[in-house]
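Asker: Hey, can you work out the whole structure from these sequences and the hints?
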Amino acid sequence: MSKRSSKVPAMSTPTSIKRETTLEPKQSIKSTSTSTSSLTLCQSVHNYWASATTKVKLMDTFMAFLVVLGVLQFIFCVLVGNFPFNAFLGGFSSTVGQFVLTACLRIQTSPSNVQQFPQVSPERSLGDFIVGSLILHFAVYHFIN
Amino acid sequence: MKLKQLTFSVDTAERVQLLLRVIILIGIAAVAISSRLFSVVRFESIIHEFDPWFNFRATKYLVNNGFYKFLNWFDDRTWYPLGRVTGGTLYPGLMVTSGIIHKILHIFSLPIDIRNICVLLAPAFSGLTAYATYLFTKEMKNEAAGLLAAAFMGIAPGYISRSVAGSYDNEAIAIFLLMITFYLWIKAIKLGSVFWGATCAMFYFYMVAAWGGYVFITNMIPVHVFVLLLMGRYNDRIYVAYSSWYALGTLASMQIPFVGFLPIRSSEHMGALGVFGLLQLVAFSQFLRNQLSPKLFKRILISSVIGIITLAGLALTAMTYAGVIAPWGGRFYSLWDTNYAKVHIPIIASVSEHQPTAWPSFFFDTHMLVWLFPAGIYLIFQELRDEHLFVIVYAVLGSYFAGVMVRLMLTLTPVICVSAAVAINTLFEMYTNFTIDGVKCTLTITNKQNIIEEPTQVAGKKESETKVEESDKEFYLGLVGKFAVITSFALYLFMFVIHCTWVTSNAYSSPSVVLASRNPDGSQLLIDDFREAYYWLRMNTEEDARVMSWWDYGYQIGGMADRTTLVDNNTWNNTHIATVGKAMASSEEKAYPILRKHDVDYILVVFGGHLGYSGDDINKFLWMVRISEGIWPEDIKERLFFTDKGEYKVDGEATQTMRDSLLYKMSYYNYPDLYASINNGAGGYDRVRQQTIPMSVSPKLNVIEEAFTSENWIVRIYKVKDLDNMGRDLFKATAFDEGRNKKKRKASSSDKKAATLRV
Amino acid sequence: MKWSLSFISLCGSAISCAFASDLVLPNFKNIEFSRRIDLSRANVHLSDSITIQNIAKVPQSEYFYALDATEVDNVALFFASHKKSQSRLEIRDVGVDFETDTSYYSIKLPYELQPQDTIEIQILKGIVNCLKPLPEFVDQNEKQFLLYTGSKIPLSAYPIGETSTKLAVLGSTVDELDPEEGFEPNVSDNNLLFGPYKDIHPLSSKTMLLRYDSPIPLVKVDKLEREAWISHWSNQIAFEERYWLSNLGAKIKDGFSRLKFMKSARFNVNSQNFKDYNINFSSVRELTVPLQAGSENAYYTDLVGNVSTSRFRVDEKGSLLQLKPRYPIFGGWNYNFTIGWEYDLKKSLKKDGERYLVKIPFIEGPVDVSYNEIDLTVILPEGATAVKVEPSIVPKDTAEFTTYSFFDSIGRPSVKLSYDTIMDHYRREVIIISYELTTRALYQKPVAISAVFGAFFVTIYLLSQINLNISSTKKNKL
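Chains as they are written, first to last, in numbering that gives the first Met the number 0: chain A, 0 to 144; chain B, 0 to 758; chain C, 0 to 477.
Source of the hints: derived by calculation from the structure; they are not laboratory data. There may be inaccurate statements among the hints.
Computed cross-link-like contacts, DSSO-like style, restricted to lysine-lysine with a CA-CA straight-line distance of at most 27 Å [unchecked claim]:
id: 1; chain 1: B; residue 1: K718; chain 2: C; residue 2: K259
id: 2; chain 1: B; residue 1: K718; chain 2: C; residue 2: K323
id: 3; chain 1: B; residue 1: K720; chain 2: C; residue 2: K323
Answerer: Structure follows, in structure tokens:
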């Protein structure tokens, strides 16, 4: 499992809109179990789809991808074993870290949160995101050796 | 027009204030550094105590062999014959810091000795700590409080105790890192910025590299977040700050070989992980709340909460049972139950700094700050912003830990300084106003501050400014009251400074390697027995000689005598320590096989009886007995070292076991004879235990012989005899030699072949 | 130049040839050869006084002096002088005759000696490592006995008319091992006299084994690193010396007993009555280092820090550094320490046009010691050029290199001179170093330092500017 896999697909995500339906795995599980509320759920997904900007969609897709990747890694680890433990840990934590950082970026850039972040402009948050990611991937790189 | 003028003057005033602040901070740093130099002035530039000697030795290794060799350092000169994977079992932050400083100075071709860098590192970092405290307190209240806190931090004995020049220990830089990490955390949570969170994580990483006490931060920050969540104060800034800190900090902290996978395995770190997960869930639920209809959201929330709690609980128990998550460490248990260590782990309990704190030491270490501390906390409660909660949580946790272990007083001191500074600052703000409309002014000042801090709330407060009318009488009465309060507090502050200086110079500036005493004429007399003996070992024994001593002296022997030791202050192998304890507590016959088995060449004991040095081995003997009894209950019995009355005696009434023990023999060998002509041959007087060892019990040695004894008898070194070259039992051999010597003395030495030319 | 240049180099041109003995022609006769052997110090001093006569037909100017080849490595001091004028005579190594194991040295007489004329010359020798404790291990309550191995009659390349040997000892007992009849010494107060013996053939010898008690510790410096830092800025020479020394005297039999040491510690150091001493007295308890007058700021440290037991006395005649080692150094024990002090540069600096001349004492260590190895390093100020070293004693090895110290940019030219087998006696010798140092070079350092600091601040300033730029462009971009 590599640290790079988290970056490369990010380029191709805009085309894979299909994944958006499986947005967060927990959500989808719940929706099947509670069939009565599936209608409202669909509605909210629609709402979201209509309101979100491309940038937000991009970020959400990326995050969803990271979650899938993380889950896959975890399953792989459980099934195959965690022999180079630091390799698994590096891969897993890089996905978690990247997810968290992207979530931060998404929260900070969201226009509804402006008053919560008086001193963080969207530009600044992008810069922070880049700095954070650099540190993260440097650490992961060093961790894996 | 008028407005412009005003802004201009405010601008200038601010500049002047900035300049003043910088000057004051530099002054504080200078005071902090210079008050830590007492030991250098009074003694010399020397590494203090025990642990610093190891750090110093490790630093020298780093400087001489480079970073990568240092990380892979296997030290075969300690824990003979096991050795120690030193590179993987230490916190390298301290050594790397001084190594880097050394390197930088050398680039500028400043050939400063690594020893001097190590000695002066702690004072230098104390200056930085003062600055970090200033920053931290500034976030809590204002610049003035920050300056006060910095000044307190600079001279508070609680912190000085671990950071005088020469006390080259992890704590020397760790407190600075603690404060700066906390400051950055506050900054991150205030601004909700990934950048500050990442910086915080980087300093957290540095802290992890530097001190085992990083666990304090690892738990403080999650607890803060948790409390905020419980109080329903969740906002996205918290999410941003905590997530970025945790994700980066944890990953970075796992780079340290000694920490390794602990952050995801050991229980101490689980809190942080749990809060991280919790925060993700909370954030996600917030996200959903925005996206979904309230009804749907509620259903999903309830079902998922139940599901997650059961899942997490099951997973945690399963993993603990499967052994994936390490159980709680012994030191950790002793944090909760102060008696735990005494019962289960004597080796932890035997260290004086792991004892519960005595009440007077709170006052001793912080003086008046200790009663300003609750006042400050109260004042902080009044405002109770997010960051104030941090101080409160810190105060609660810090107080508890400081009460449990003496050395954790160190982590409490910063928060005491901060809240005391807040208290005094508030007090002075109220009372240093002597103008007629002082109250009015006070109000304006508060408003001004509000303008800076919370521009949105100003409008409401300005209206609250009411006209205050006072009669002259009231004014003068108030003036007198103010004056009295200020004078008394100025006096308190003055006393505080005097107390700090006194404590620093008297209690905390002794290197403990060199002891100070007074000559009859009042001049200072240095007692340098430790270095005398260590240097003798270094110069006059084989390079690979193995020296057995109680573990306290392991680091010093490694650092000063440069000889292989059996056990040292790392105490990672209890059995090995117990072996040494057993050898010390057994009789010569039983000890000799142990000594031979471990290839011991020399044994070093510390004996304070001649001089009255109370920290000697006879006083530590019971711990040796207890620790070895824990492993070999059949061979060593503590009871046998006490007299029938249950007294710990070393004189004529000492038990046979006591008198036969190797340590007793080594301590008192030849000692009664020293007093032969002094007190009518009654025997040697032990000044520590105030008992007289009669000539009749003067120990005889068979398997070892005296190799060196220092000037004041403090350090005694014995050489383990080789097996007799005639195959005799060493006991018989000694007895035989003694008999022969007597005979020889009787016989005249006149049978020389040589011609004596002159007598 | 006031001080005379190189005299001997024992390990220099060793023309070890079989015909060394052929070179020595029977041109001379030693009419009288009297020796004085001083055994009252840690190292043996021999002074020969020889009256020689030219018995050849032609005038002679070269006298050959013979030394036992096995002893040559231990000769730390070897001077010849003319008794009447007290002028030093040049000594040249001729070579070794392996058949008789004899080394020959040629001494150039002050003038050509006419046939049948006589001249009186004096030879001064210092021998190290020739005293051995016997027995090697003694009890701590016993005395130290030393064994001196020598010859009752002097070794000479020429026949000797009459010879006598006078020995001075300090202790109270002297035993002669394997005494031979007819060669017993006469004993007088503190002195032993062998001889006079008459008509000795060339190269004959008679072994003498003397065992005597001595309270003197046999201090030997295994290695000395001596550094002199010349600084024109602080106007001083900073000396630093690192010693590795050991005591070659008798060792303690059963380990050191502090009790016995304390019990016998009440001896009076200045007492001339040495009857009641024991091995404790023969340990090194204090080292006295006389320094040049005007030395100051002395310090005394070792590998584990400052040693507080030292005294530094300054008076007009000179400074005296009294060192008390951490522990008494008994036979077989080693010790290592560092001492340093500062000396006013003005007192030893001479300006000769463009050149500076600095005079540095060769050694200044403790009295009555011998040195196995000395590394003498002189570190000149940064920017000094055309360095020339003129030692009064020829070094075994010379090395030039550059030292980097406080804020150096181009480094300081340094010269290292290596010696071996040196004795305390050389204390009076000096080393003269001359170099050129322009005023520009003198001011180079402060300029370099301020330039570095300037660059530092400029960089900071630029960085702050750049930082601003980045944020503004970023704002523009997004």
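Asker: Each hint: holds or not?
Answerer: Hints, one by one, checked against the model:
no. : hint            : result
1   : B:K718 / C:K259 : 17 Å, holds
2   : B:K718 / C:K323 : 25 Å, holds
3   : B:K720 / C:K323 : 31 Å, violated
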